[in-house]
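Engineer: One letter stands for each residue in the lines below.
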Amino acid sequence: MAEKVLMKGNEAIGEAAVLAGCRYYFGYPITPQSELPAYLSKRLPEVDGVFVQAESEVAAINMVYGAGSAGARVMTSSSSPGISLKQEGISYIAGAEIPCMLVNVVRGGPGLGNIAPAQSDYWQATRGGGHGDYRTLVLAPNSVQEMADMTVAGFEFADRFRNPVLLLSDGVLGQMMEPVTLPDPVDYDVNSKKWALGYNGKEKSERNLCSSIFLDVDELEEHNWHLYQKYQVMTDLFSTGEYKDFAVEEHLCDDAEIILVGYGIISRILKTVVEKCRKRGIKAGLVRPKVLWPYPAQVFERLAKTANQFLVVEMSCGQMVEDVKLSVNGKKPVYFFGRTGGTIPSDFEILNEVDKLVRPD
Amino acid sequence: MNLPYADNSAPATFLIGGTGAGKTELALNLSLYKAHRYQKSTLIDFDIVNPFFRVRKLRTEVEKHNVSVICPVSRVVSGDIPALPAEAWGAVENTSLPIVCDIGGGETGLRPLARMSELALARNANVFFVINPYRPGFAKPEDIAENFQHMCGLSAMKATHIVANPNIGSETTVALFVDGLARVKKFAESVKLPIAFSVAADGLARELGAVAEELPGFAEYDGLPLFVLERYWSVPWHFGTVHDEQG
Chain A
1 MAEKVLMKGN
11 EAIGEAAVLA
21 GCRYYFGYPI
31 TPQSELPAYL
41 SKRLPEVDGV
51 FVQAESEVAA
61 INMVYGAGSA
71 GARVMTSSSS
81 PGISLKQEGI
91 SYIAGAEIPC
101 MLVNVVRGGP
111 GLGNIAPAQS
121 DYWQATRGGG
131 HGDYRTLVLA
141 PNSVQEMADM
151 TVAGFEFADR
161 FRNPVLLLSD
171 GVLGQMMEPV
181 TLPDPVDYDV
191 NSKKWALGYN
201 GKEKSERNLC
211 SSIFLDVDEL
221 EEHNWHLYQK
231 YQVMTDLFST
241 GEYKDFAVEE
251 HLCDDAEIIL
261 VGYGIISRIL
271 KTVVEKCRKR
281 GIKAGLVRPK
291 VLWPYPAQVF
301 ERLAKTANQF
311 LVVEMSCGQM
321 VEDVKLSVNG
331 KKPVYFFGRT
341 GGTIPSDFEI
351 LNEVDKLVRP
361 D
Chain B
1 MNLPYADNSA
11 PATFLIGGTG
21 AGKTELALNL
31 SLYKAHRYQK
41 STLIDFDIVN
51 PFFRVRKLRT
61 EVEKHNVSVI
71 CPVSRVVSGD
81 IPALPAEAWG
91 AVENTSLPIV
101 CDIGGGETGL
111 RPLARMSELA
121 LARNANVFFV
131 INPYRPGFAK
141 PEDIAENFQH
151 MCGLSAMKAT
161 HIVANPNIGS
171 ETTVALFVDG
181 LARVKKFAES
191 VKLPIAFSVA
201 ADGLARELGA
211 VAEELPGFAE
221 YDGLPLFVLE
231 RYWSVPWHFG
241 TVHDEQG
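Chains as they are written, first to last, in our numbering: chain A, 1 to 361; chain B, 1 to 247.
So here's chain A without its partners, still in its complex pose:
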């Protein structure tokens, strides 16, 4: 096993991308993700890779479109306002079915907001953000180790589904330092994609074209239903298929009367809250979605039969709570507690909210 090293989350993503075979990065600096491009600006030339600080986020995402179309493993990253700028390109990439890795180290919004950590880009991440009927696979790490592991997994998912994958992180995960065991390097073959423009393998391929334009109405409808069917396959694989265990973490849910729900950094605080609840005789459990789209609705459908209530905690005014409500489907009450503007809720204040729900007197 490789020696553990001490890394920032942003650095861990960068190194994991290189180990996953990514040789192209295009981006533009913005706090609190700039350590990622800074890391790759040094690291990629060491492995004959290409790093470009583009003139803008819009330029960067279109460079990703190009490199991905050619068959390369490619990444871009930004923080909230920069991700907003990239949305048009992400829509094109999804429409043209180009695999690529996107990273959002979320900061406070809306608008310029601030540089503090937030989870207020959930809707943008899981609902597409750009125009048209498309979906982005969204991964939500909660540690520096997972920043690395999910980056490698993300590249694999992107290639398998020919779809953009978004790593939804936040400022704290990007900046905090934790020990990491780096994943093993992947021997990526740039000639493994027969559909790619840059395919130069042994097998003959048809003339390749990567585009999201379908002028004929019937063709575009057929393309949209094709995308829809692909999203259905992804949903099945992440809910009941081979990735169901990857998609969600449950902690002490079997006998839980109250289920706490949170993703990313919040899930770590909630784990502490659950432990403290148990010590106080409150039967609490934790559901932590690790994949935010496709959403692990099946877990909530099952737990709605045994638990009495759900408390969703987010660093936003309440976004993922809507998916929990859709999944629970009115069978049990779903409550919300959030902090916003860059404040990370403490375990004490969440415990207080649990107390109010469990012991209303």
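Bear in mind the hints are in silico, worked out from the structure with no lab data behind them.
For clarity, every value in this text was computed on a predicted model and none was experimentally measured.
Cβ coordinates follow ideal geometry from the N, Cα and C atoms, glycine included.
Wrong hints could be hidden among the right ones.
[Claimed, not checked] Chain B side only, calculated, beta carbon under 10 Å to chain A, not exhaustive: (1) N50; (2) E171; (3) L176.
For chain A, the structure is supplied; the task is to place chain B on it using the hints.
Structural biologist: Same frame as chain A, now just chain B:
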């Protein structure tokens, strides 16, 4: 035991090194140590790089312990702008004042220090180059050497001592500390600089058999002073408190 740092002959300390070497944690602890020993100290937040985990976040906490904090004014305290506090120059010029200067690491973070290099030289300041061999860019001897030369050059500072801070956070073991310390020692020999001290959190120091009489404070390990510190940067939702996440 010779404690080159603790005799206060050079009451100004500048911490330089790569990002994430542990400079801010060390700066907080050193300023608390100085304040305890000399009634007061001043901690200068010169970090223009990092958006979080900066000294200013713990200002209230350390000021309770007679540490004055010089940092950007409150309306830009959470900002992402390279604002340097003007009072810092006065503090560095005042040779009677024990100061600890924390900077943001890496290429960008070190540059502003060049403006202070002459003052630091005039004050005969301690310039500690902090090394954690478990950080990217500091694992191999040749990488340490390259970064050392580069970073000293950027800051226009001449390192007077090396500080060995081998750790991977909460999972640091005795074996890992010992191996990392050996690596830093080897590097220090190659550049002919003394190691001022090594650094360990309280729990690890006890496992090493080194007990400081006070925290933060000095013990001895492997023929070197060992600075035993309290961890101020714990899980980020408990800034400023030593906290066990599972507790």
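Engineer: Give a verdict on every hint.
Structural biologist: Each hint tested on the structure:
1. N50: Holds, about 7 Å.
2. E171: holds, 5 Å
3. L176: holds, 8 Å
The structure meets every hint from the earlier list without exception.
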